[in-house]
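Student: Sequence order for the protein chains is A and B.
Everything in the first sequence is counted per the numbering used here, starting at 268 for the first residue and increasing by one.
Everything in the second sequence is counted per the numbering used here, starting at 268 for the first residue and increasing by one.
Among the hints, erroneous ones may be present.
Any copy will do: because identical chains look the same in the list, a pair fits if it lies in one copy or spans two.
In silico DSS-like pairs for lysine-lysine, Cα to Cα no more than 27 Å straight-line [said to hold, decoys possible]:
1) Lys341 - Lys321
2) Lys524 - Lys371
3) Lys480 - Lys341
4) Lys505 - Lys489
5) Lys344 - Lys487
6) Lys323 - Lys341
I should point out that these hints are in silico values taken from the structure, not numbers from a laboratory.
Nothing here was measured: the structure is a model prediction, and the numbers come from that model.
One-letter residues, chain by chain:
Number of protein chains: 2
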Amino acid sequence: MANLEPTKRDADTKTPGDGPAVILVETSLAENVGMTARAMMNFGLTDLRLVRPKCKWPHAKAISASSGAHAVLKEAKIFDTTAEAVADLHRVGATTARLRDMIKPVQDPRGWAGTMRDAFAEGNQCGILFGAERVGLHNDDLALADTLITVPTNPSFSSLNLAQSVLLLSYEWQMAGGAEVPTEIRRKGRGAALASQGEVFDFYEHLEDEMDKAGFLRVKEKRSRMIRNIRNIFNRAKMTEQEVRTMRGVVVAIAEKKWRKEDF
Amino acid sequence: MANLEPTKRDADTKTPGDGPAVILVETSLAENVGMTARAMMNFGLTDLRLVRPKCKWPHAKAISASSGAHAVLKEAKIFDTTAEAVADLHRVGATTARLRDMIKPVQDPRGWAGTMRDAFAEGNQCGILFGAERVGLHNDDLALADTLITVPTNPSFSSLNLAQSVLLLSYEWQMAGGAEVPTEIRRKGRGAALASQGEVFDFYEHLEDEMDKAGFLRVKEKRSRMIRNIRNIFNRAKMTEQEVRTMRGVVVAIAEKKWRKEDF
């Protein structure tokens, strides 16, 4: 096993949250994780997250393929679910070659990099989801994203290697920042910040719990699709913290036929 | 040895000279040639040239790493010298991480892609030189180029994988040609049409009626503001007809603790 000791990071890449998280879902090949780490570090990104990696972890092949980006691998976080991996993020993009049957804004890597820079300037954390090598992201993963990201490839040969996709997004992030990243985080007013995905999930679960109690989701085959559809509606709304509290209050009020101050 | 038979090329990538030549000098790893071919084809490039490859050629590993970009490999041309490889080109860029003691214009990939598009529009052929994995291009190779190309990487971790460099240049070539992705995916089929404002208002009134019944809107001074806030959330979601029906079903279910098919 190659050395996994912490490597001293350079000043440019030290601060947590100084760039988007790269989230690999069910990656099969350790080499691809290593090449992803290299591509990230080439453009100053360090926040790598692995959801249910299909390769052993840690893995010597990842280390050798990273060509020295050990710090990124060493600090990679492992998650059981995509939902947990994005819980602290405010904006989430999902890379996909196939634009599926789903209502979402779509951006190319350049557009999404600009979106993320704007979000960061307002103190919001961002992340990018990348699916498994052959099959890409599940629909349930796509439902967790507010934006789909598509690279304008040759339509007859569109499948990008995983690390190549990461590279393009990392590169565009860098390009969109010029030489500078914002040095000051500014929020406007209490509750005006975008809700984190964790707060949004709590709302979803609350809502779905009430729907379950009402028997709304009782048809088993339709349940997950129905939930996905409803989550997609709220995802598109990109709610603020205050708005999530409001919506929770709405659900409580309607479900219990009374308004309780302590609920929101 | 994998199949090296000519593959039928698609119309987009057929014409010779419809994009810049990618010229790899003294490449060591056949996998890198294969991944280069894949990256090229991802963005519609087909003219691959190899100067003194250090790997056996053709090579099974190149073919497997190309993930199907066989046509590019099959038609790759081999040269003894870089000078011969660029003889038919009018503009030549050389990729280098280190900006050496040489008087040349320097561009980033985006700038160089624009330069090449301009050159092509005037009937001039272009090419991009890429050096060997560890050492990059010789000074003699750089001397054959009219422009140096540097990717703005993290200064403390600047070494890009060879195929990654090819990818960035191919991608910027494609982007400079005005590649576009759709800006939004809309579901197709029944119920996929955007809901009319009338349908959306009916939903609002239904929701607000339930909120009133629950006493949620009883504080008069805040009522209109609260209603406005909630309407804004759903407004941003730009719901389809089907989604409005779904949300109405959700409200009925939660409010009445039972699911009635006739409601949505």
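Student: Please name the hints from earlier in the document that this structure breaks, with their numbers sorted from lowest to highest.
Tutor: Going through the list in order, the structure violates hints 2, 3, 5 and respects the others.
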